[in-house]
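Visitor: Chains as they are written, first to last, in the numbering used here: chain A, 23 to 354; chain B, 1474 to 1719.
Keep in mind that the hints were calculated from the coordinates and are not lab data.
There could be a bad hint or two in this list.
To be verified - The following residues of chain A were derived to be distant from chain B, with all beta-carbon distances above 10 Å:
no., residue
1, 62
2, 67
3, 150
4, 154
5, 161
6, 180
7, 239
8, 242
9, 279
10, 300
11, 328
Said to hold, decoys possible - Okay, the calculated bits of chain B under chain A, using three or more residues with CB under 8 Å as the criterion:
no., region
12, 1477-1484
13, 1525-1536
14, 1557-1568
Said to hold, decoys possible - What follows is a set of in silico ranges between Cβ atoms, one per label pair, in the way DEER data are often shown:
no., chain 1, residue 1, chain 2, residue 2, range
15, B, 1603, A, 57, 31 to 39 Å
16, B, 1603, A, 131, 52 to 60 Å
17, A, 39, B, 1607, 22 to 30 Å
18, B, 1717, A, 219, 54 to 62 Å
19, B, 1607, A, 332, 21 to 29 Å
Virtual Cβ for every residue (Gly too), placed ideally from N, Cα, C.
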Amino acid sequence: MAITLEETISRQVHATPLSWILSRHTFWVFMAAVAACIALTLATDTFATERNIFNVTRNFAFVGIIALGMTAVIITGGIDLSVGSVVVLSAMITGMTMAGGGSIWLAIPLALAGSLAVGLFNGLMIAYIGVPPFVVTLGTLSVARSLAMVLSDNKMVYQFGPDHELLLALGGGSTFGIPHPVFALAILGILTGLAFRWTRLGRHIFAVGGNEHAATLTGIPVKRVKILVYMFAALTAGITGILEVGWLGGVTTNLGQGMELNVIAAAVIGGANLAGGVGTAFGAIVGAALIEVIRNSLILLGISTFWQGTFVGSFIIIAVLFDRLRASRTNE
Amino acid sequence: MTVLELQGVSKSFGAIQALSDVSLKIEPGEVVGLMGDNGAGKSTLVKIVAGNFPPTKGTLSIADRQVSFHRPSDARAAGIEIVYQELALCDNLTAAANVFLGRELMRSFGPIRILDYKTMYERAGKLFAELKSETRPRDLVRRMSGGQRQAVAIARTRLSDARIVLMDEPTAAISIRQVEEVLSLIRRLRDHGIAVALVSHRMPDVFAVADRVVVLRRGEKVADKPTAKSSPEEITGLITGAITTA
């Protein structure tokens, strides 16, 4: 039977929407998160309370926002270990500016500019000098936190000048019962998802991660793409830093310590492949949700919080093992 | 009209003379096999024509006009398309995305420009049909056979108004069954009036599709004759140096 050109063009890889959904990594992670929520609701009478849900969604928003930036970096085949330190740097710039009497409208641009500067540095070193992302961002992980300490003289900042209330409302408040960081996550998630799928830059991010050499040969501005993803990751960390100050009502220099691990775990659990070329914005959010639910469940079930690191670390390893397994299956 | 003409092209890298005084002409719709042993200067020649680096001496002309390329995009703008040995494909993207890689079609969506998936799928589908390949635009390149991957790389050259397509060892890494598929892709390009320079180690492939064969040895052109007037034995002799002139 002859197949017409139109049929070939419109031919989808999956026969039905259902088979497409079932083949999605993100769908299964989403189901795991839902299952964990149901199990916790049944097992405890503390999980499904309004107060706890409010806290869980807000906490997961912080990790989720940065996981979006991290996913973009991971898709290009890179990694950004500096995000946790950029969070504290951004938070400290915000705090110190406002504590010094500066307005919030000055503090936010300064904090974001500081974050973007770290991202730009990461990107330049990686794209132009060819330093491995792991090394550069490990360096800026140390530098950015140290700068935050220098800036604040390692003191806690909790007085934010004339716009004190505005800052607290921005990060810690809620509208229609939904915490503000969740709005930030939703907006950034939609924008990132649309950019991945519909823009030329999005396409190029995937191309760089799929085959960097091919991307170069076909004239894609590989260096610019790399710089932009590291700046985007730093920007998401910077936004999170500002929101976290408002939520906590104070900044200390240990804010965001070890956060890079949760963020990387969220991105990887959400389907971003550390080898590059694969990842989604929705996956990053779902991954962050699953991590936060598990973390929350450990607390509610009375398991020592010392175990959290074991869980998060194991998650990263298991997710990568799954990728390996899948890759070896496709190669056969 | 000559599509591509090289006159007295030489290239040296420090003390190493990779090419010396090579002159060569390719006409529209002609398939020229470029043969030679490893280190004979084939890839240096390809890279000069592709605009990766300029020749030390000598000139390049496209359609009877002298050109000098400073970067690969200059060569592309002049109508030279390259199919690299490693094909330069992204496994994680669809066939259509690969065809349009770096040259994505956009459309307006209000004030912003977004990828025009529909047109890209359609045009890629038409290109594959033109090449009589069974490649489907929406399939991921990861799941494709060697022949289909070649079709994607070749379809890419058909996007622009290419005058000449340089193919670097297109049949080196694929199964024998798929070689025939690639050879017929080359014939289709020729039928569209496009000149093809086929760099290859494989004697049967060159004799199957090429009108003319050029042999390089140690950076010098030692033969340039119609395949009909030569034989695989003679070419082998020329490549190895057992025969010194054709």
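Visitor: Each hint needs a verdict: does it hold in this structure or not?
Guide: Hint-by-hint comparison with the structure:
no. : hint                          : result
1   : 62                            : holds, 36 Å
2   : 67                            : holds, 46 Å
3   : 150                           : holds, 17 Å
4   : 154                           : holds, 21 Å
5   : 161                           : holds, 29 Å
6   : 180                           : holds, 42 Å
7   : 239                           : violated, 4 Å
8   : 242                           : violated, 5 Å
9   : 279                           : holds, 34 Å
10  : 300                           : violated, 6 Å
11  : 328                           : holds, 39 Å
12  : 1477-1484                     : violated (count 0)
13  : 1525-1536                     : violated (count 0)
14  : 1557-1568                     : holds (count 9)
15  : 1603(B) to 57(A): 31 to 39 Å  : violated, 50 Å
16  : 1603(B) to 131(A): 52 to 60 Å : holds, 53 Å
17  : 39(A) to 1607(B): 22 to 30 Å  : holds, 25 Å
18  : 1717(B) to 219(A): 54 to 62 Å : holds, 60 Å
19  : 1607(B) to 332(A): 21 to 29 Å : violated, 50 Å
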